[in-house]
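S.K.: Work out the full structure: start from the sequences and follow the hints.
Line order of the protein sequences matches chains A and B.
237 is the number of the first residue of the first sequence in the working numbering; add one for each residue after it.
3 is the number of the first residue of the second sequence in the working numbering; add one for each residue after it.
There's no promise every hint is true.
Okay, the calculated beta carbon distance ranges per label pair [what the hints assert, rightly or not]:
# : chain 1 : residue 1 : chain 2 : residue 2 : range
1 : B       : 160       : A       : 283       : 26 to 36 Å
2 : A       : 318       : B       : 131       : 11 to 21 Å
3 : B       : 380       : A       : 342       : 27 to 37 Å
4 : B       : 519       : A       : 284       : 31 to 41 Å
5 : B       : 188       : A       : 268       : 36 to 46 Å
Here are the simulated BS3-like cross-link-like pairs (lysine-lysine), alpha carbons at most 25 Å apart as the crow flies [unchecked claim]:
#  : chain 1 : residue 1 : chain 2 : residue 2
6  : A       : 364       : B       : 462
7  : A       : 242       : B       : 496
8  : B       : 488       : A       : 311
9  : A       : 242       : B       : 450
10 : B       : 458       : A       : 364
11 : A       : 283       : B       : 488
12 : B       : 464       : B       : 421
13 : A       : 364       : B       : 487
14 : A       : 283       : B       : 487
I should point out that these hints are in silico values taken from the structure, not numbers from a laboratory.
Using N, Cα and C, we set each Cβ at its ideal position, and we do this for glycine too.
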Amino acid sequence: MEATKKIRVLMAKAGMDGHVRGAIVVSRALQEAGMEVILTGLYQTPKKIVETAIQEDVDVIGLSIHCGSHMPILKEIMRRLRENRIEDITVVVGGIIPGGDREELLSMGVAETFTPGTSTDRIVQFLKERVSKVSK
Amino acid sequence: MDDDRFLKWLREEEKKYARMAEKMGERQESFTSASGIPIKRIYTPLDWNPKEYMEKLGFPGGYPYTRGVYETMHRGRLWTMRQESGFGLAEDGNARFKFLMKNGITGLSAGICKNTDVSFRDIDDPAFEEELGVVGITGISSPTLVDHEILFNGIPLDQVTLSINESQCAARNLAQYLGVAQKQGVPLANLRGTCQNDPLQVYHSIHYPIFPPEHSMRMTVNVIQFACQNMPLWNPISISGYNVAESGIPPVVELAFALADGIAYIEACLKAGLPIDQFAPRIAFFFSSADDFFEEIAKFRAARRMWAKIMKERFGAKDPKSMRLRFHVQTAGSTLTAQQPYNNIIRSAVEGLAAILGGAQSLHIDSMDEALAVPSEEAAIIALRTQQILAHEFNIPQTIDPLGGSFFMESLTDQVEEKAFSIIRQIDDIGGVLPAIKKNYFLNEISKQAWDRQKKVNSKEKIVVGVNEFQMEEKSPIKILDFDKKKALETVRKRVARIRKERDPQKFQKAIDHLRRAASGQENIVYPLLEAFECLATTAEINRALRDIFGEYTHPMVL
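M.R.: The following block contains the structure:
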């Protein structure tokens, strides 16, 4: 039987935003679910995030954004992923993301938005299902 | 019946009661407070004997201040209704101030746009668009003195009290405010208000860009020194538990961390040669009020008693005013939900009530849209009305410390104090707050406790209505604050570019050079910061000048 490769997640804080509680708590949930989590520092630029994602060979980029800059940041991240011809990284975002922006984010290629109150169990489930779909 | 016989008798009676109660069964195996203190079924004089009244409680306005810092508390003067507000441009901030003032707030509190204020990147820098892309979402965008004058246009600064909620570099924000005061012709000695000026909590919890600890501490002390010399009505520091609580720790730990930080600031000021009774009377605190109603009240009471003891016994303060812990409370944003947001009105009201019963001097009630955006006008008004209803409709502020003497409340206050002091001792054993920061002590604690809390929510040990229980499909989302973000960014960008073009370049350069020299030396940093604003430097330019000398502190993310 094939050994299951651990899902690798880059947990990134972007924008001028110091709120880390969500990123920390979600990271711990993912770890407890058997995933490997790489934490970036704060105020990461889209360029740095994508570079690190490639370097660390991750399956998932998890963005945590509370400063309102989610649209320009995610637009730029998705653009850079396409530029590098990367199609198999799942991008998800949490934080303060107004419900009205979800559609546009999904149409950009973001896999899902996880807003306040989302159960960490749900995030774990979503990523497990999504990554296994992608790697088929 | 004498005391010993009375207690012996009571013990017997309590045993009889317990046997009856145990037959009934209870909803849970055990009950604990948010901080893990076991909560008993009933409390009696066996848990707290009123004989301890004078030693443990005293009267309001007297040592150990457990019941309140002033003799008349809310009977003399209600707490300041200080709603933090602001978004968008300085004009928008000004309009929101005036709207709230018209509707009865009694203190101003400016919410600041982080992208503008603590960034090293100027708004008219092309890279700003890519890296940050917006201004005014998290607060008011006010990058220059010109913007700040607009923010306070029509608001005479000697007629209001303002809270400047900035801690990465409060000296910068204070200087910007002083610039406006000077333009208005208001003497600095007439300014009333507070600046948060607490960088240690930033290292613990909110992680915005900041300078290395020794430089932050120097600037913190500079602000206190400046206020001692020039601003007798100003509170130059508001030592904060709020943001640390928000990052995931319960009330006892919040209290311990805040007081430990307070100890560090006192030591820094003493080291700088300030006599304790000169600066200590104007120290203030800032706490959360979260979702353990009684423990929060116990925390506020324990805080007063602990600080009084610390000031008297640890630091030898003589002036009774040095021993008084005065505090502002903000209701806990992290307890508010994106689901069924109208429920948040009730949450904030209950949390606000705890703050009032706990004897707060100043209160901000969070708006119902807290989990979604900066407050809309409608949400902001409801929050303010909550304060006014609590103040005027239920006879709440008629007596001081109404829960004082409750066997439960006194027992809980004692236990909160004991646990918090034991955490402070742990921090002392590491060598104090600064060494503990270097060892990631706070980050590790916070990460562990935040995760513990989340596990409790996941398992429904902790119920959050609408989130893990009593969920419902929500058909119409509430209307959140919306403003033309593109236009706001364009306006600020053009304004900054124009100011940069029109200002006297030599005066500007001279001011920036002076700021750098002061940063490398001993001069009180507030003066050159004020000069820099007067010469129309932007907040980003000021941050860069300071970074040239201080370096930048990269905060680790720790699991």
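S.K.: Assess, step by step, whether the Cα of residue 458 of chain B is no farther than 25 Å from the Cα of residue 364 of chain A, and give holds or violated.
M.R.: Status holds; Cα separation ~22 Å.
S.K.: CA of residue 488 of chain B to CA of residue 311 of chain A, is that 25 Å or under?
M.R.: Distance ~16 Å between residue 488 of chain B and residue 311 of chain A Cα, so the pair holds.
S.K.: With the threshold set at 25 Å, check whether the alpha-carbon distance from residue 364 of chain A to residue 487 of chain B stays at or below it.
M.R.: 36 Å, violated
S.K.: Given a hint of 26 to 36 Å, does the C-beta separation of residue 160 of chain B and residue 283 of chain A actually sit inside it?
M.R.: 48 Å, violated
S.K.: Just to be careful, I want the Cα atoms of residue 283 of chain A and residue 488 of chain B compared with a cutoff of 25 Å; is the pair within it?
M.R.: 23 Å, holds
S.K.: Lying within 36 to 46 Å: is that true of the beta-carbon distance residue 188 of chain B to residue 268 of chain A?
M.R.: 56 Å, violated
S.K.: For residue 242 of chain A and residue 450 of chain B, compute the direct alpha-carbon distance and say whether it is at most 25 Å.
M.R.: Roughly 23 Å separates the two Cα atoms, so the pair holds.
S.K.: Check the following: the C-beta atoms of residue 380 of chain B and residue 342 of chain A are separated by a distance inside 27 to 37 Å.
M.R.: About 29 Å separates the Cβ atoms of residue 380 of chain B and residue 342 of chain A, which means 27 to 37 Å holds.
S.K.: Has the hinted range 11 to 21 Å been met by the Cβ atoms of residue 318 of chain A and residue 131 of chain B?
M.R.: 20 Å, holds
S.K.: Honestly, do residue 519 of chain B and residue 284 of chain A meet the 31 to 41 Å range at C-beta?
M.R.: Since residue 519 of chain B and residue 284 of chain A have Cβ atoms about 33 Å apart, the given range 31 to 41 Å holds.
S.K.: Assess, step by step, whether the Cα of residue 283 of chain A is no farther than 25 Å from the Cα of residue 487 of chain B, and give holds or violated.
M.R.: Measuring from Cα to Cα gives roughly 24 Å; hence the hint holds.
S.K.: Is residue 464 of chain B close enough to residue 421 of chain B, meaning Cα to Cα at most 25 Å?
M.R.: 22 Å, holds
The structure is inconsistent with the numbered hints 1, 5, 7 and 13, although it conforms to all the rest.
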